[in-house]
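Peer 1: Can you make the complete structure from the sequences, with help from the hints?
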Amino acid sequence: MGPSSTSNAGTGKPPPPPRTELDGFLAGAGHKVRSSDLHHVAQRLERLESAMVSSPSHVVSDLTSDTVHYNPADLVSWVDSLLSELTHSYHHPNNSSAPTSSTSSSSRSLPVDLDDLFAIPSAANNWLQPEMPLSQPPQLTVFTTMEEDSGIRLVHALMTCAELVQRGDLHLAGTLVDEMTALLTRINTGCGIGKVAGYFIDALSRRVSGAGSAPASPHETEILYHHFYEASPYLKFAHFTANQAILEAFEGHDCVHVIDFSLMHGLQWPALIQALALRPGGPPILRLTGIGPPSPDGRDTLREIGHRLAELARSVNVRFAFRGVAASGLEDVKPWMLQVSPNEAVAVNSIMQMHKLLGPDPSPIEPVLSWIRGLNPRIVTLVEQEVNHNQTGFLDRFTEALYYYSTVFDSLEAACPVQPDKALADMYLQREICNIVCCEGAARIERHETLAQWRDRLNRSGFRPLPLGSNAFKQASMLLTLFSAEGYSVEENEGCLTLGWHSRPLIAASAWQASPLSAAIAGGDN
Amino acid sequence: MTRDKEEKRRQALCINDHVDILLEILKRLDGRSLCTAACVCRLWRALATADSVWEHLCLRRIASPGSSVRPVVSALGGHRRLYMLCVRHLLTRLGRDPGSSSAWDELQLSLSLFCVDYYERLGGRFGDTAATSSLMFLCKPVNV
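Listed in order, the protein sequences are those of chains D and U.
The working numbering numbers the first residue of the first sequence as 1 and each following residue consecutively.
The working numbering numbers the first residue of the second sequence as 527 and each following residue consecutively.
Source of the hints: derived by calculation from the structure; they are not laboratory data.
Misleading hints may appear alongside valid ones.
[Stated by the list, open to error] Covered stretches of chain U (chain D as the covering partner; in silico rule of three or more C-beta atoms under 8 Å from a C-beta of chain D):
(1) 587 to 598
(2) 609 to 619
(3) 630 to 637
Just so it is clear, CB atoms sit at the ideal spot from N, CA and C, and this is done for glycine as well.
Peer 2: Below you can see the structure in the form of structure tokens.
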């Protein structure tokens, strides 16, 4: 393995790099090797390692021996010979066995008959790298290539499986799920595509087997929500932006009433109470009505949160009253429960709740929007996920979800190294994924829709948009600079704000008010 | 010669005898120096940990903060805690781009985050064991 290779044409090897000082020393010591060869050795050792990991034990034990090399030139040829031995001893076809048989080694080559199912569906083309050689026969080289290839195979397999589910071919889909689970063992499932794929494979297997997803208890949901709040800027962005809009809408009013469609731990309201305390002219009288699920074990969580908020309001001298409305869903809430009085300014706040009302006909969204409008609110703040997960076709929905949640998980990875926040935040998202993929009909509540769709819907239901203003934008930008990950971006979209990761918007905040009744109706009343 | 020395000794100033001057000096320090000053001696500690000095530090860049800020901050835990938890992180992170936001906006953001922290601490008193600090994200180093 000398440094001078005269014929490059046949092998296609790049021209040898120039001699460095180190090469001079090595040559002086009598070793016919270049320092740049070490890079080649390192690569080969990596490949050797992955080959040894993935091959059956009897092959590897044949190769092991104690060797000591004194001459660095020997290393290169030794590694090369080991690698070729390993390749030859493993390169015999064992594809005739059925996919679900032997469990001895986790890295069998994939059965040939399923390869034709890995044809790329057209939906995947627009954002995946197309140059994946799927038709190559299963050889050792498949296992020694980088993890990225396994990731891409996995994504293609996911799409294929989703298409099978849409077609109704659940048996084949189930087989594919098993194959994907096997493929998962080869890649890192702690982060990146492995983690997201793992969640989607789990959701698909639940769908195929009919197991469905277990509904979470409200207590669990609150805890997961809290950890998601801490692990990422999405909820903080939602709260702060909505609060800023509400603060501006309440200017000049002395009696204000906020209706929160999902109280959770009430994390949104301390900041608003504090801002109202400091507003020029002094704080108004604040009433808060929090809607939440009924507590199963006799604890009145709504009332506890109310107490906490009242304590805070008392510390900063804001006159405050709280009322809790226990309802398992927004469709069960009737306007009389909210006890809105005529002289107060009303704000309706919905953070990722409205999409739950978009279920199958009769869909409760229209009646709810109608009674909201009936309250004549000064402002309605709406924050929703910026993606369409409400398509009727399963494959389209699945594709959107895969793209969307990959981006969200990417952003979480960068923003939050703190465990256990991250693990619980992941679980929060995993539940959403499970609901989107496994459930249908009334059980599927995560029916996200895009800002454009919400705009359309609200315009038709008698609302008009209220632009969020530059203060909200400034605050959101400031908030983002505090997060250590440098991929987040706040964008303004026709008076609404979106927070995204690397210019893909993930969550959108908008504000609305009731549009005035048409002149004909107003004239008729007079 | 000795008379000169005696005169010099008479004119030497012991700062601890002039607490008002000391206070004026401490008010102009940055956070880190103030913490260091608090380690000097008991008198300096008493002065440097007083909330009024930290109030000065927090509101230094605000032209006219108004009288309503102080009682709110005191109720939520005091200016020293406000500075340590929120203001100093904002100053370092946002200091990179000074023209983009006003000092008052930054203070407002600090106050909002401070209020969330107070609320979460209240949670501990009300028996909510799941409450963890949502301001942890401020303490993480920034990836440049």
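Peer 1: Taking the hints in turn, state whether each one holds.
Peer 2: Okay, the hints, checked on the actual structure:
For the region 587 to 598 of chain U, the stated coverage by chain D holds: 5 residues have a C-beta nearer than 8 Å to a C-beta of that chain, and at least 3 were required. Only residues whose beta carbon comes within less than 8 Å of a beta carbon in chain D count, and the region 609 to 619 of chain U has 3; three or more means the coverage holds. With 5 residues bearing a CB less than 8 Å from a CB of chain D, the region 630 to 637 of chain U meets the requirement of three and the coverage assertion stands.
Figure legend: structure checked against the earlier numbered hints; every hint is met.
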